[in-house]
Amino acid sequence: MTAPHVVLTDVTRVHGEGETAVTALDAVSLQIHPGELVAVMGPSGSGKSTLLNVAGGLDRPTSGTVSIGGQELGSLGPRDLARLRRRRMGFVFQDYNLIPSLTAAENVALPLELDGTRARLARRHARHTLDLMDLMELSDRYPDQMSGGQQQRVAIARALVGSRRFVLADEPTGALDSHTGEEVLRVLRERCDDGVAGLLVTHEARHAAWADRVVFLRDGRVVDSTGGADRAEDLLVAGDPR
Amino acid sequence: MSVRLGLMALLSEGDSYGARLRAEFEERTGGTWPLNVGQVYTTLERLVRDGLVEQAGEADDEGRISYRLTAAGHAELATWWTTPVDRTSTPRDELTIKLALAVTTPGVDVHRVVQGQRTSTLKHLRDLTRLKRDALDRSEGPAERATAEASAATEAERGLAWLLVLENLVFAAEAEVRWLDHVESVLARHAARRGRAGRPPVPSAPAPGASAGVGPARTEGNPS
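Sequence order for the protein chains is A and B.
Numbering follows the working numbering, with no gaps: position 66 of the first sequence is 66.
Numbering follows the working numbering, with no gaps: position 3 of the second sequence is 3.
You may find that some hints are simply not true.
[As the list claims (entries may be wrong)] So the derived list for chain B, only partly shown, Cβ under 7 Å to chain A, looks like this:
#, residue
1, Q39
2, R189
3, R193
[What the hints assert, rightly or not] Per label pair, the in silico range of CB-to-CB distance:
#, chain 1, residue 1, chain 2, residue 2, range
4, B, E167, A, Q145, 29 to 39 Å
5, A, P78, B, R87, 27 to 37 Å
6, B, R87, A, D115, 20 to 30 Å
7, B, R112, A, T2, 52 to 62 Å
8, A, R141, B, A192, 28 to 38 Å
9, A, M136, B, E27, 30 to 40 Å
10, A, R79, B, T32, 38 to 48 Å
11, B, R178, A, T12, 20 to 30 Å
12, A, L121, B, E26, 52 to 62 Å
13, B, P91, A, E72, 51 to 61 Å
14, B, E26, A, T12, 48 to 58 Å
15, B, R193, A, R141, 32 to 42 Å
In short, the hints are calculated from the structure, not lab data.
Remember, predicted model here, so these are calculated numbers, not experimental data.
All C-beta atoms in this analysis are idealised placements derived from N, C-alpha and C, irrespective of residue type, glycine included.
Can you build the whole structure from these sequences, using the hints too?
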């Protein structure tokens with residue numbers, strides 16, 4: 001089996017200090033291999049978004065380590081961390097976050113251009129990604145000329161343009177109807193089947209079911225984890241009652 | 001599931017014999033509720049006895065006897081389509097009973113029961129989703145031409161029927177996961193209330209401030 005692309009080891013994140021300190025994540029360990037989509041579920045306040053932010057380098061753990069593609073994030077300064085985020089990972093949010101004055105192809109090319117790639121080459125990469133995802137017909141459309149589902153698919157293309165192999169999606173179907181939401185998940189699933197590592201935060205079991213594994217958080221701890229393998233120990237990860 | 005009315009629905013499309021009815025029933029429902037051929041013939045015999053179905057001529061060269069729906073059968077089927085399925089009688093559900101007993105039986109780790117079940121149900125949901133994905137991929141592929149053996153339902157309609165059966169199972173699994181999550185939250189709140197109230201040792205004497213409707217606190221197995 002290939003080495004995991006994403007490795008979180010004993011990650012704890014505490015917000016605040018002293019009596020007001022809140023433990024958002026408590027000794028969470030998680031690995032995501034290339035080609036694997038992992039869903040994170042749990043009630044509000046269970047630490048889902050904190051986990052996504054820490055895994056994506058948007059937030060630093062209080063203790064524990066996060067490594068992406070063999071690079072430990074804690075060893076990087078802000079500038080290098082930002083570069084790694086731009087080059088190695090992409091984010092998909094509930095509200096798409098496409099830039100209204102740019103076409104789909106320009107939106108997808110943007111992360112590469114921001115990273116210094118020449119515009120012409122960036123556009124070529126963007127069109128290649130859109131083509132790969134059967135979205136070429138949208139390439140010249142502006143966000144207001146696309147449906148929510150189309151915008152979200154373009155946002156996934158933007159998250160994965162170039163050489164980025166890790167996509168983090170925070171409730172990507174939250175603003176979509178059930179059918180369109182499933183279409184978006186199929187796209188995400190297909191990208192992972194092609195070798196991308198994916199982390200999906202969702203509160204809906206039917207969406208988590210598109211993942212290879214589901215990690216269930218409660219109070220910042222992993223209480224359930226459906227393993228790809230059916231080993232008993234996979235069923236009982238940190239399964240002590242609280 | 002009414003095998004009787006299912007077979008009558010298939011016969012309303014035209015005469016058919018037992019083995020074909022069985023295959024047709026399973027294909028339309030994705031094999032989710034398999035029938036054995038004996039069950040089909042027993043049901044057909046009862047339908048003939050009740051005057052809802054009759055033999056359509058003699059046996060063919062291979063000894064197969066075809067059946068057709070009578071006028072009374074058509075009328076009963078029409079009533080079925082227009083009458084809602086009765087949901088007032090609660091079917092016995094093993095998980096509900098298990099949890100109800102787990103909560104009230106000393107020494108049972110209810111959280112473990114919930115977590116184990118949720119893991120299992122989420123896996124089931126994942127498997128169903130894979131089947132659904134396959135079904136969707138097939139439905140978007142080139143349509144296959146219906147063979148001469150096929151009944152009036154087209155391949156596309158069969159695919160749709162299977163997809164709807166799958167989605168019913170997806171909704172049921174999803175509802176179960178939500179309910180299990182709810183059970184955990186309720187147990188956590190209940191435990192917190194008991195903690196604040198100083199855990200009364202005598203179940204029949206609830207602590208002041210313990211809210212009504214939760215029932216006597218009998219679980220000893222899993223203090224939070």
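Outcome of the hint check:
| no. | hint | result |
| --- | --- | --- |
| 1 | Q39 | violated (32 Å) |
| 2 | R189 | violated (12 Å) |
| 3 | R193 | violated (15 Å) |
| 4 | B/E167 x A/Q145: 29 to 39 Å | holds (31 Å) |
| 5 | A/P78 x B/R87: 27 to 37 Å | violated (59 Å) |
| 6 | B/R87 x A/D115: 20 to 30 Å | violated (58 Å) |
| 7 | B/R112 x A/T2: 52 to 62 Å | violated (33 Å) |
| 8 | A/R141 x B/A192: 28 to 38 Å | violated (52 Å) |
| 9 | A/M136 x B/E27: 30 to 40 Å | holds (37 Å) |
| 10 | A/R79 x B/T32: 38 to 48 Å | violated (56 Å) |
| 11 | B/R178 x A/T12: 20 to 30 Å | holds (29 Å) |
| 12 | A/L121 x B/E26: 52 to 62 Å | holds (55 Å) |
| 13 | B/P91 x A/E72: 51 to 61 Å | holds (54 Å) |
| 14 | B/E26 x A/T12: 48 to 58 Å | holds (52 Å) |
| 15 | B/R193 x A/R141: 32 to 42 Å | violated (55 Å) |
The structure fails hints 1, 2, 3, 5, 6, 7, 8, 10 and 15 (numbered hints given earlier, in ascending order).
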